[in-house]
Amino acid sequence: MLLEQGIDLFVEEGLTGHLAYEASSAGWDGVVQKLIEKGADVNAFVKAGYSALAAASCEGHDSIVQMLLDHGADINSLDKDGHSALAVASSRGQIRTVRILLNHGANICATDKDYSSALTAASRNGHEKVVKILLDKSADIRIDGC
1 MLLEQGIDLF
11 VEEGLTGHLA
21 YEASSAGWDG
31 VVQKLIEKGA
41 DVNAFVKAGY
51 SALAAASCEG
61 HDSIVQMLLD
71 HGADINSLDK
81 DGHSALAVAS
91 SRGQIRTVRI
101 LLNHGANICA
111 TDKDYSSALT
121 AASRNGHEKV
131 VKILLDKSAD
141 IRIDGC
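Each residue of the sequence shown is one higher than the last, beginning at 1 in full-length UniProt numbering.
Keep in mind that the hints were calculated from the coordinates and are not lab data.
Even glycine gets a Cβ: it sits at the ideal position worked out from N, Cα and C.
Please note that the accuracy of each hint is not assured.
Label-pair restraints from in silico Cβ distances [said to hold, decoys possible]:
1. 105 / 141: 18 to 26 Å
2. 27 / 137: 24 to 32 Å
3. 39 / 128: 35 to 43 Å
4. 47 / 140: 32 to 40 Å
5. 136 / 34: 32 to 40 Å
Throw the hints in and build the complete structure from the sequences for me.
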């Protein structure tokens, strides 16, 4: 296994971030757990500007989202486009993931550079259940956010 070959797990934008990102995106719980056990940085971003938490949130891999949060992933970090994990999950209609992120304190008011929020993303993509969840948690319907 790569980890046993002495791969440096603390490279900010190198192979480590890529491995954690790819494993999180693919839903490989066991691989993500192994990377974490070996000291992988759960907040590393791949060179393209995305995190493992955003990848897992996008795909609705709830057990990985929970695992990353339990190991200190920054719930409110923003990708290169200014999107939070909550906005990414909302845009894809990932109901359980949205609930997990909100229950862990995700910033419901976060907006990207175009003032788009999780509520905007869910609305734009027709995810009514996510819209209801966000509104029930007091998401602001004004364009300028909370």
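Now for the hints, and whether the structure bears them out:
For the hinted restraint 18 to 26 Å between residue 105 and residue 141, the CB-CB distance of approximately 21 Å keeps it satisfied. Remark: the range hint 24 to 32 Å for residue 27 to residue 137 is upheld by a beta-carbon distance near 26 Å. The supplied range of 35 to 43 Å is met by residue 39 and residue 128, whose beta-carbon atoms lie about 41 Å from each other. Checked against the hint of 32 to 40 Å, the pair residue 47 and residue 140 passes, with Cβ atoms roughly 34 Å apart.
A hinted range of 32 to 40 Å holds for the C-beta pair residue 136 and residue 34, which are about 37 Å apart.
The structure fails none of the hints (numbered hints given earlier).
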